[in-house]
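K.L.:
Residues per chain, in single letters:
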Amino acid sequence: MSSAPIVVSNLKKYYQVHDKEPGFSGSLKSFVNRKYRQVKAVDDISFEIDAGEIVGFLGPNGAGKTTTLKMLSGLLHPTSGTARVLGFVPQTRRAEYLRQMTLVMGQKQQLTWDLPAIETFLVNQAIYEIPDDQYAKMLDELTELLDLAPLLKKQVRKLSLGERMKCELAAALLHQPQVLFLDEPTIGLDVTMQTKIRQFVGEYNRRYNATVILTSHYMADVTALCKRVIVVDHGKLMYDGSLAELSARIAPHKLVRVELSAPMNGHNLSAYGEVLKAKGQSVEFLVPRSKTSETASRILSELPVADVTIEDPPIEDVIARVFEQAALARQDRSENDEDESGDA
Amino acid sequence: MLIWLHKYFALTRRSIGVQLEYRVSMVIWMLSATFPLIMLAVWLPMAKDGPVGGFTAGDFVAYYLLSFYMRQMTAVWVAWELDYDIRHGDMNTKLLHPIQPIHDYISFNLADKIMRFIMFTPLVIIVALVVPGVNYVVTPLNITFFIIAVIGAWTMRYFTQFSLGLLGFWFSQALVLVDVFWMLFLLFGGGIAPIQLLPEPLKTLAYILPFRFMMSFPIEIMMGQLTTNEILLGFAQVAMWIVILLGVYKFLWTRGIRQFSAFGA
Amino acid sequence: MDARHSTIQRVWRVDKMIKHFKLLGIFWRFSILAELEYRVNFLTNAFMSIFWLVWGIAGASIFFAQRDEIGGWTYYQVLIVLGLFSMFTGIMEAFFRPNITSMIEAVRNGTFDFVLVKPVNSQFYASFHSLTMWRLVDILAGAGLIGYALYKLQVVPTVQQYFAFFALVLIALVIVYCFWLAMMTMSFWFVKVDNLAELFYSFYEAARFPVSVYGTWLRAILTFVIPIAFITTVPATALIGSLEPIEMLFGLAIALVLLFGTNRLWNFAIRSYASASS
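Chains as they are written, first to last, in this note's numbering: chain S, 63 to 406; chain L, 4 to 268; chain W, 13 to 290.
One chain only, chain S, in its complex shape:
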């Protein structure tokens, strides 16, 4: 057995949903006889995460990210397959396990609306049985890292969204968990606040060597924090590895931007690569990775160049491409077998 804190093998979660046809007759029909359909939220996923790693969990809405996080935090029983976190089977929800992990959901809050956050902290102190001295120390640290001092005594309903998120994080980390599941922790926040939360997560990870799984819609969160990403789509694992490698594999091209010193009329630009944009004196090429340096030197020698930059395409585009390819692959598959749904 592996010693990694998070070990997931062949994890599956299927569940039933019922559909309602529109209109009155649809309501009546579903009143009498509900039709159910099976959805494969997570479909045979395996991975391991080492201590101290921050892993980005990527995928479009409904890809199975949250479902996986819920299974890892013991909220959902897997349909089949196993997960081990810190050696525990999450769904048994042993107190020893729960005391060492935390779950933060950016869309939901655990703080009580009408009271200052510090009151919820005290309740959590009791629930997690945190000794007074350790509680005081941790509260000090979190206060310093998150600038909580002016927020703690204000009623939660009077805090801004970003301030509330800071307090949510603090409430979730008071017991100094070893494993963090962060589901969209920066959702809806402005850019400065996103950066602050991001920095904080990084800092916590360094200080306590905590293992973190993070989902986010904002690629900036992922690029700043995660060396490694896991990409899921329609419940399937699409990619598991480093961010850099992902760009290399999915986007085997580099972006070459050229500023010309004179307009190039009539010159055949497409000889150097796929022209993405040609506007006045600035041109953008998509060049195969292997030919990047060769093409660049040709451009330099053959064209009147003022400036050249070579870069990776933006990560958003890369990810979008992963999903496009996955969608295409799925279409191929479903043409072969149509029979995925059924009544229950």
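Don't read these hints as lab results, they were simulated from the structure. One or more hints might be untrue.
Straight-line Cα separation of at most 25 Å, DMTMM-like style, residue types lysine to aspartate or glutamate; simulated pairs [what the hints assert, rightly or not]:
{"hint": "1", "chain 1": "S", "residue 1": "K215", "chain 2": "W", "residue 2": "E47"}
{"hint": "2", "chain 1": "L", "residue 1": "K206", "chain 2": "W", "residue 2": "D80"}
{"hint": "3", "chain 1": "S", "residue 1": "K289", "chain 2": "S", "residue 2": "D106"}
{"hint": "4", "chain 1": "S", "residue 1": "K215", "chain 2": "W", "residue 2": "E49"}
{"hint": "5", "chain 1": "S", "residue 1": "K216", "chain 2": "W", "residue 2": "E47"}
{"hint": "6", "chain 1": "W", "residue 1": "K34", "chain 2": "S", "residue 2": "E191"}
{"hint": "7", "chain 1": "L", "residue 1": "K97", "chain 2": "W", "residue 2": "E117"}
Mind docking chains L and W on chain S? Use the hints.
P.N.:
Below, chains L and W without anything else, positioned relative to chain S:
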């Protein structure tokens, strides 16, 4: 007029759809009206030794059967809807629709009434036929009187509760008043016991206050306890109360919306 | 070895109980703080409690306007039942209602997940984390009515009778808790459990009167099927002095069975919640 009917039809149809989605809670709400049956269960053993204040066992069954039916057919919960909408700002959305919000609320209630009518009318008729000693005055004229009185009772209850719910624009505790109203309604409207059986001075009060027309009056008609003149006089009183309640509603609504748009939710 | 093991277990249990009492204190302090934010509630609740009690007495007096006794109980004896009815309403509204409300809310918007990831017994947390202090007024009002009725009856219960009374109230508390826990458990499967509470209250209305006023059938149902008799009637008989000892044993048995059964139901629900939701 036709367009208006069409709108109502569409609203009500949608409301029935919504209600069917919540089938379990619908059944539960209907089962919750056991209060009249409990009160009946207290009277029945008492009536074994002879009529109680002129009511035989059969009269009690007849009374509480209709009391149960009245509660079903005039059930109103709009104050809670208003409270929710005011608090959560859903009122804003409703105000944007090109139709007065009250019609939206009423359509939900009408949909509910249609469902309850279909479920409970046959039930009441069967019980009335099966249980011995249950006697109603079943003439076309009397039934017409009864139906008018039920509609009057619903209208009075609906607008009273709507107005109390509107107080939510000003006070967060408006629902407490709805509870107070409900308890007075049960006591003085004949919900606990027929108002003829109330001890003084409750009995005198019951005949002065409007609550009688929200439950007792239609039952009195069906049980043949009133002369035609008394019925017509009752209708006049119902009409008067409805005019007053509509006035109060209009007043509170205009003021309330002004208050709401000035301060928001 | 065996003996040592059981000692350790006992120590562990005492430990656990202390922890839970401490938690209860922290939860209730928290609820009270939250409630103090809304001071108007105190006045309206106090007003409602009194109004409600007067209303109940007026309701009972209608029946006594026609007869001197109903079901073998005199007016002031029925007022003792009514006092207990008010006390238990207060208990349910103060301790159980706020928890079922927040449970429904939490299941609906998914924050119940936060309860499940906490190292605390979920049934304990869900049942007791919230308190509506103002409704304790009902308990006081009910106790006051019982005292008044006893005074009017010129009855001074013996120590044994008081002991039996408090034991029966405790049994009644357990029974009532089990009803609410069962309803709370339903919120995993049905969206609008608030209605279930209404349904319960509509049956609970029957507890305004001693069960002997009802016909044989209804009395049997209220004793054995929905054991409402044990909430108000049986404790009242202890004060009046007409308690049958067998009723006490029977009530205890019902309470224990319900406690065990509803706990199993809760655990089952938690498991199926975890395998069904998304």
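K.L.:
Hint by hint, note whether the structure agrees.
P.N.:
Hints, one by one, checked against the model:
1. S:K215 / W:E47: Given that 25 Å is the threshold and the Cα spacing comes to 17 Å, the pair holds.
2. L:K206 / W:D80: holds, 19 Å
3. S:K289 / S:D106: This hinted pair holds, its Cα atoms lying about 24 Å apart.
4. S:K215 / W:E49: holds, 14 Å
5. S:K216 / W:E47: Roughly 16 Å separates the two Cα atoms, so the pair holds.
6. W:K34 / S:E191: Given pair W:K34, S:E191 holds - Cα atoms ~11 Å apart, limit 25 Å.
7. L:K97 / W:E117: Judged against 25 Å, a Cα distance of about 23 Å means the pair holds.
The structure agrees with every numbered hint stated previously.
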